[in-house]
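Quick note, the sequences are listed as chains A and B, same order.
All residue numbers for the first sequence refer to numbering that gives the first Met the number 0, where the first residue is 0 and numbers rise by one.
All residue numbers for the second sequence refer to numbering that gives the first Met the number 0, where the first residue is 0 and numbers rise by one.
Heads up, some of the hints might be wrong.
One copy or two, either will do: identical chains are not told apart, so a pair holds if it fits within one copy or between any two.
[Said to hold, decoys possible] Result set (SDA-like, lysine to any residue): computed pairs, CA atoms no more than 20 Å apart in a straight line:
1) 58 / 119
2) 58 / 91
3) 126 / 182
4) 103 / 46
5) 126 / 32
6) 58 / 164
7) 103 / 55
8) 126 / 5
9) 103 / 45
10) 103 / 44
11) 52 / 100
12) 103 / 48
13) 52 / 127
Bear in mind the hints are in silico, worked out from the structure with no lab data behind them.
There are 2 protein chains.
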Amino acid sequence: MQERAHRGFTLWFTGLSGAGKSTLSSRLYALFRERGYHTELLDGDEVRTHLSKGLGFSKEDRDINIDRIGYVARLLARNGVLVLTAAISPYRDARDAVRDAHEKDSIPFIEVYAEAALDALAERDVKGLYKRALAGEIPHFTGVSDPYEPPTHPELTVRTDRDSVDQSADQILTYLQRQGLIG
Amino acid sequence: MQERAHRGFTLWFTGLSGAGKSTLSSRLYALFRERGYHTELLDGDEVRTHLSKGLGFSKEDRDINIDRIGYVARLLARNGVLVLTAAISPYRDARDAVRDAHEKDSIPFIEVYAEAALDALAERDVKGLYKRALAGEIPHFTGVSDPYEPPTHPELTVRTDRDSVDQSADQILTYLQRQGLIG
């Protein structure tokens, strides 16, 4: 009755607020859907409502949030779903724990560092948050009043302060094709 | 590259502690795997560790737990996975909210009431919990010191105090086949 589905994976974006994680992951989600893949984007309101309600921005709470997103991503990916996540995920150990859990299940885990200079983000400041954070008005703002630990060996780094969304998306698609993860 | 996977669904067990939810769902999980289906069982330590850490047994906390399990079940099922859940899920409104969310996504939601008389469970009392609960030593013990609201219109009722595991599993498989949900 059933047929074998394609192999799943988790494409895990990490990077500062405004670095383009949501924009890029939405773009790829739409592309995957167009091509007929099972895909899920774990980002935004749904995750916050269902998985992270009540959590704050302490290291402990952020780590719990990442553990939950990582758990759900892993369950989906091991059932053939192409999973995209777009949480800031500032702490290296929390990301590495998610990676380890994926590797134990033999699921490809692709960490994508959305790199953008703080200056560029503060200048662009789409939501006006950097201005307020730099003025000391937002506690626990990643990169300003809270730490961000960049990945040491990400599978991919996209330079969203320099390249267009199309360029970054192409860079990721090329990587996935070369790895045989998409057709 | 990819092929279409089979249609997913959520088989949601509800019932008192000791009523056979875990036993039955494990049995079906093994059967689904043998037949080559993508399947996940949301039960036990993994769910408690990753989704429900820190939650207690108040109505509010139980409802949050059910909402989270329901959310993950829905994501999996809408990507072709046969999902089994085995939480007590004592409150009707929380179960109905999960059902509604599934129906909005056009995902089959099959509520299976594992029905067993409290007397039978208290007599069997595998883990010795009923004795302690009936002695007033366990607060929030479902069916004794905490409410259990049976489903009003479950898709299936299995009488685990009367039928064998094999009989109940067969009853569920027959239902799934008649609905065209498994081959």
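Going down the list of hints, with the structure as the test:
In the homo-oligomer, the alpha carbons of residue 58 and residue 119 never lie at most 20 Å apart, since the shortest distance is 26 Å inside one protomer and 47 Å across protomers. For the identical chains of this complex, residue 58 and residue 91 are intra-copy neighbours only, at 11 Å inside a copy versus 36 Å across copies, given an alpha-carbon limit of 20 Å. In this homomeric assembly, residue 126 and residue 182 never come within 20 Å of each other (Cα to Cα): the closest approach is 37 Å inside a single copy and 51 Å across copies. In this assembly of identical chains, the alpha carbons of residue 103 and residue 46 lie at most 20 Å apart only when taken from different copies (18 Å versus 24 Å within one copy).
Taking the closest pair of Cα atoms, residue 126 and residue 32 never come within 20 Å of each other, the shortest separation being 29 Å inside a single copy and 47 Å across copies. Within a single copy, residue 58 and residue 164 get their C-alpha atoms no closer than 30 Å, and across copies no closer than 45 Å, so neither meets the 20 Å cut-off. Taking CA atoms no more than 20 Å apart as the test, residue 103 paired with residue 55 passes in neither setting, with 29 Å inside one copy and 30 Å between copies. Taking the shortest Cα distances, residue 126 and residue 5 never come within 20 Å of each other, neither inside one copy (38 Å) nor across copies (42 Å).
In this assembly of identical chains, residue 103 and residue 45 lie within 20 Å of each other by CA distance solely across copies; the values are 15 Å between and 27 Å within a copy. For the homomeric pair residue 103 and residue 44, the shortest alpha-carbon distance between copies (17 Å) is at most 20 Å, but the shortest distance inside one copy (29 Å) is not. Proximity of residue 52 to residue 100 under the C-alpha cut-off of 20 Å is restricted to the inter-copy arrangement: shortest distance 18 Å between copies versus 24 Å within a copy. Taking the shortest alpha-carbon separations for residue 103 and residue 48, only the inter-copy value of 17 Å comes in at or below 20 Å, while the best intra-copy value is 29 Å.
Taking the shortest alpha-carbon separations for residue 52 and residue 127, neither the intra-copy value of 24 Å nor the inter-copy value of 35 Å comes in at or below 20 Å.
Checked against the numbered hints given earlier, this structure breaks hints 1, 3, 5, 6, 7, 8, 13; the rest are met.
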